[in-house]
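*Asks:* Position chains A and F against the provided structure of chain R, taking the given hints into account.
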Amino acid sequence: MTQIALKTEKLTIQFGGLKAVNEFDIEIKSGMIFGLIGPNGAGKTTVFNMLTGVYQPTSGSIIGFNKNLVGLKPFQITHAGFARTFQNIRLFKNLTVLQNLQVAMDQNPKHKKFGLLSTLIKTAKLLESEGEKTAECLSILKIFNLDSRAEEIASNLPYGDQRRLEIARAIATGSRLLLLDEPAAGMNSKETASLMHTIKDVRKIFDATVLLIEHDMKLVMGICERIAVLDYGVKIAEGTPSEIQKNPRVIEAYLGKAATNDQAR
Amino acid sequence: MSKESQNKFAEIPGILGMKGWLFAAAVIIFLHFTLQLGLNAYYFQILMFAGINITLAVSLNLVNGFTGQFSMGHAGFMSVGGYMSSYLTTTYFASNPDMLQNPIISGVIFFFALIAGGVAATLAGYVVGLPSLRLRGDYLAIVTLGFGEIIRVLLLNMNIVGGARGLSGIQPLTNFFWVFIFALLTVFCVWRVVHSAKGRVLLAIREDEIAGTSMGVNTTEGKVWAFSLGAFFAGIAGGLFAHYLTTLNPGTFDFNRSFEIIIMVVLGGMGSISGSIVAAIFLTLLKEVLRPLQQITGYDLRMIIYSLVLIGMMLTRPQGIFGTSEITSLFNYFKKRLKRGAP
Amino acid sequence: MAEFLQHIINGLSQGGTYALIALGYTMVFGILQLINFAHGEVYMIGAFVGYYSSKFFGEELSQFWMSLAGKMAEDGQTLIPTFASSLLTAMTIILIAMLVCACIGFLVERFAYRPLRSAPRINLLITAVGVSLLFQYSGQLFFGSDPKAYPDLFSDLDVWTFGSEEESLVINPIQVTVLTSSIILMLILRHVIFHTRLGRAMRAVSFNHDLASLMGIPTNLIVSATFMMGSALAGAAGVMVGLTYPKVEPLMGSMPGLKAFCAAVLGGIGNVTGAVLGSFILGLAEALLSGYAMPTYRDALAFGVLIVILLVKPSGILGVHRTEKV
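Chains as they are written, first to last, in this note's numbering: chain R, 65 to 329; chain A, 1479 to 1821; chain F, 37 to 362.
This is chain R alone, in the form it adopts within the complex:
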């Protein structure tokens, strides 16, 4: 029996009088690659912000790996197994590539945390743990082909690499659900194709579940097993890629009602 990685029920957030997201329900099975699409301003990133605790939902529930996540702080949600990337890349710009991963790896629940005293005298256990963590970071970097740039300052990486480093960093937290906010934004078609492979590899190697927001339909249709469509804060459709492509409400949301448009002209 497959486990449920994420389940939301009637997730709603209101900004002033506006319901930015209204009664949003999804259920993502563990190991799935799930796409969240919709026109600009549909509320996709707002959903991410609620799932990761940046915004508190007005009402509704979020269950992640059988744990209620509503009301938790972002860092607690990360410890519960959710990690995200950002639409407008948010790396630790002046730290090295390796340090970016180490920050996340330090928070990985499987690694022991050390107190001030052990930090000061550098106990053998601490050094051992540091070594393990670094090795693990480097092996993650290798999957993303970034291991040769481990000592470079993050902001000096080319744009596509920065996006991939963000995904690597999210993995280093030890999370089992990755929330990727437009991972292919700004990438050319070749980079996007390689990103698709990386996402699939990541799922296989880390046994991860992926929820991604993306505008690049080739990527979405190419790797997502299920897709939900959001329009004006409401989920208008959910299904497999081929179902979504045929769904008239989705076509309407993206292209407008052809008939009304014609009349208007």
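If you are wondering where the hints come from, they were derived from the structure by calculation, not from laboratory data. Any given hint could be a false lead.
[Claimed, not checked] The following label-pair restraints were derived from C-beta to C-beta distances:
hint, chain 1, residue 1, chain 2, residue 2, range
1, A, 1807, R, 185, 15 to 25 Å
2, A, 1504, R, 176, 29 to 39 Å
3, A, 1524, F, 228, 48 to 58 Å
4, F, 206, A, 1601, 37 to 47 Å
5, F, 188, A, 1724, 37 to 47 Å
6, R, 122, F, 252, 28 to 38 Å
7, R, 131, A, 1809, 43 to 53 Å
8, A, 1524, R, 181, 32 to 42 Å
[What the hints assert, rightly or not] Derived pair list, reagent style DSS-like, types lysine-lysine, alpha-carbon separation capped at 27 Å:
hint, chain 1, residue 1, chain 2, residue 2
9, A, 1814, R, 186
10, R, 176, R, 131
11, A, 1497, R, 189
12, R, 177, A, 1497
13, F, 349, R, 137
14, R, 310, R, 93
15, R, 186, A, 1497
16, F, 349, R, 83
[Unchecked claim] Here are some, though not all, of the chain A residues that point toward chain R, as calculated from beta-carbon distances under 8 Å:
hint, residue
17, 1674
18, 1675
19, 1676
20, 1682
21, 1686
22, 1688
23, 1689
24, 1692
25, 1694
26, 1696
Note that CB positions come from ideal geometry on N, CA and C, so glycine has one too.
*Replies:* Same frame as chain R, but now just chains A and F:
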């Protein structure tokens, strides 16, 4: 992956092992006994101020440089620590005056009084830090400034520590050994902390709080932790100052003192320990160099110069002299060149 | 009862000056997210401008207004013309201080803050602290560090006493002037912000710089205008405080400046009405605390309030919680 390349990264950066730190401590003990013999009292005093300023600048750098918060309350914490430790030593030695004759016992008492001062400052830091550090960075600046004022008003109203008259007759227990051992301890602690997992938490907070919290970093805890640790060393430095000056009043550690420390951190480079050390020494000397100028003109030009330097620095080289790099990286650079045999 | 009323009056007039300073803080914070530490020093400079201008031509000004006012009231009445001429003299001096301070606000923003607009906020904050100290200490250099007694523009007027001998209420005409002019200035500011093109542009810029500039709003000009308006108000406050506590010195700005900031946070920083509300609350609280309970703790009150408000409701009384956009 090869074992060797793993080790290359696994090594925590920093050329100083435990042996190096102990050696430095031994040098301090040696100098403690030799310097007292021959050094002119005026130069000795400058040396002491430089040592205390190193403690202050390096500990403030932990907050302002490495964690990216902006505290202006170091003088307030000095007040707390200075008053706490002075109160303890004066009351103790008032009832046990003969203990002063024994340098070991009085030294031990002094040590614990200093630590008590540091702990009191830490608690104060926690109380002040918790509300303001939950919020965006710049509230801390105002709250810490206000904290200095609250402390001053409280001390004015506390008769147990002399109220407006202040404390006098504090035993002159501060000597070269204590000043520089604590300076060394501060540098050691801050160095080890910033080059560890704990330090990476602080760096992540400085770089991007939202990304940090999304990576599982408890940012509030990290900030309060760094702030309290910084306050601890400020409290110690306050105690050292008090037992050097032998008098204290509520205005001894005013905002100008905080400002002096801030400019040391900014000048040396926010995020560079060696930068703070160099700047602390440099500014201590500069103060003495400018003293005759003040006598001639009759005005305190020093603060005007400081503020102009601060503004100019921000406009032209905001990262300070050292930026975020350390002197040791210079050593490593030369070491690498030597190994390669490059000219 | 009279004592209580007395404290209320003192508190209100103190609150009025806090409000004028707090408005500048809150406007600058609203538009640049910067705590302008130098704001308290602009207020100090305002006080000094008032001091020197009333010292050098206060007499002439007063005579000029007196002759005008005297012509209007030739029926032997003296109180009204005396008061009117004192009031007009004070207002002229306030106006001069406002103009000078507006220029200073402009220069500070243009040369110290604008080059750092895109730099990390901590750099801007450090610069602000630097500017603040520069003003404090060059103030000592230029004005001398000893306190100076303010010329008494209202010397021809007695204080107004109400009630009996034992229980009397003393109202100083200066306090009336201060409170009235600060309320007038606040109403003008309110009108500018909410009912003019400039005000709309200011609100737009404070909402989103980039978007505002894309809409064709000259953001730099608007920021300058904001600084000038805020500084002008601080200058006015400086003169008013100089009149009330007839003493000025170069370090006088830092404490009221910080307190006014606390008041702005109390009311909700970035919110103009909040700044005024917070200032009056703080002024009254200070007057009552020092009048009844613990006069020595007066200077710590504002910061205690600040810490409590940050713990309980960081957005302030009227502020709206704004989440950082991700």
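*Asks:* If a hint holds in the structure, say so; if it doesn't, say that too.
*Replies:* Each hint, compared with the structure:
At about 24 Å, the beta-carbon gap between residue 1807/A and residue 185/R stays in the expected band of 15 to 25 Å. In this structure, residue 1504/A and residue 176/R meet the distance hint of 29 to 39 Å, their C-beta atoms being roughly 34 Å apart. In this structure the hint that residue 1524/A and residue 228/F lie 48 to 58 Å apart at CB holds, the actual value being about 55 Å. For the pair residue 206/F and residue 1601/A, the beta carbons lie near 45 Å from each other, so the given range of 37 to 47 Å is met.
The given range of 37 to 47 Å is respected by residue 188/F and residue 1724/A, whose C-beta atoms sit roughly 45 Å from each other. Separated by about 36 Å at the C-beta atoms, residue 122/R and residue 252/F satisfy the suggested range of 28 to 38 Å. Checked against the given bound of 43 to 53 Å, the beta carbons of residue 131/R and residue 1809/A, roughly 49 Å apart, stay inside it. Taking 32 to 42 Å as the suggested C-beta distance range, the pair residue 1524/A and residue 181/R conforms, at roughly 35 Å.
Using a Cα cut-off of 27 Å, the hinted pair residue 1814/A and residue 186/R holds, with the two alpha carbons roughly 25 Å apart. Only pairs whose Cα atoms come within 27 Å are accepted, and residue 176/R paired with residue 131/R is accepted, the gap being roughly 22 Å. For the given pair, residue 1497/A sits about 19 Å from residue 189/R by alpha-carbon distance, which is consistent with the 27 Å threshold. Taking the CA atoms of residue 177/R and residue 1497/A, the gap is about 25 Å. The hint holds against a cut of 27 Å.
At roughly 18 Å between alpha-carbon atoms, residue 349/F and residue 137/R fall within 27 Å of each other, so this suggested pair holds. For the hint linking residue 310/R to residue 93/R, the alpha-carbon distance of about 23 Å falls within 27 Å, and the restraint holds. Taking the CA atoms of residue 186/R and residue 1497/A, the gap is about 13 Å. The hint holds against a cut of 27 Å. Using a Cα cut-off of 27 Å, the hinted pair residue 349/F and residue 83/R holds, with the two alpha carbons roughly 25 Å apart.
A cut of 8 Å between beta carbons decides the hint on residue 1674/A: the least distance to chain R is about 5 Å, and the hint holds. For residue 1675/A, the shortest C-beta to C-beta distance to chain R is roughly 4 Å, which falls under 8 Å, so the interface hint holds. Look at residue 1676/A: its Cβ gets to within about 6 Å of chain R, closer than 8 Å, so that hint holds up. For residue 1682/A, the interface hint holds, the least distance from its beta-carbon to any beta-carbon of chain R being 4 Å, beneath 8 Å.
Interface restraint check for residue 1686/A: the shortest CB-CB distance to chain R comes to about 5 Å, inside 8 Å, so the restraint holds. Proximity of residue 1688/A to chain R holds as hinted, the smallest CB-CB distance being about 6 Å (cut-off 8 Å). Of the supplied interface hints, the one on residue 1689/A holds, with its beta-carbon coming within about 4 Å of a beta-carbon of chain R, less than 8 Å. Given hint, residue 1692/A at the interface with chain R, holds; its Cβ is 5 Å from that chain's nearest Cβ, closer than 8 Å.
Checking residue 1694/A against chain R by beta carbon gives a least distance of about 3 Å; that is within 8 Å, so the hint holds. A distance limit of 8 Å between C-beta atoms decides the matter here; for residue 1696/A the minimum to chain R is near 5 Å, and the interface restraint holds.
In this structure, every one of the numbered hints holds.
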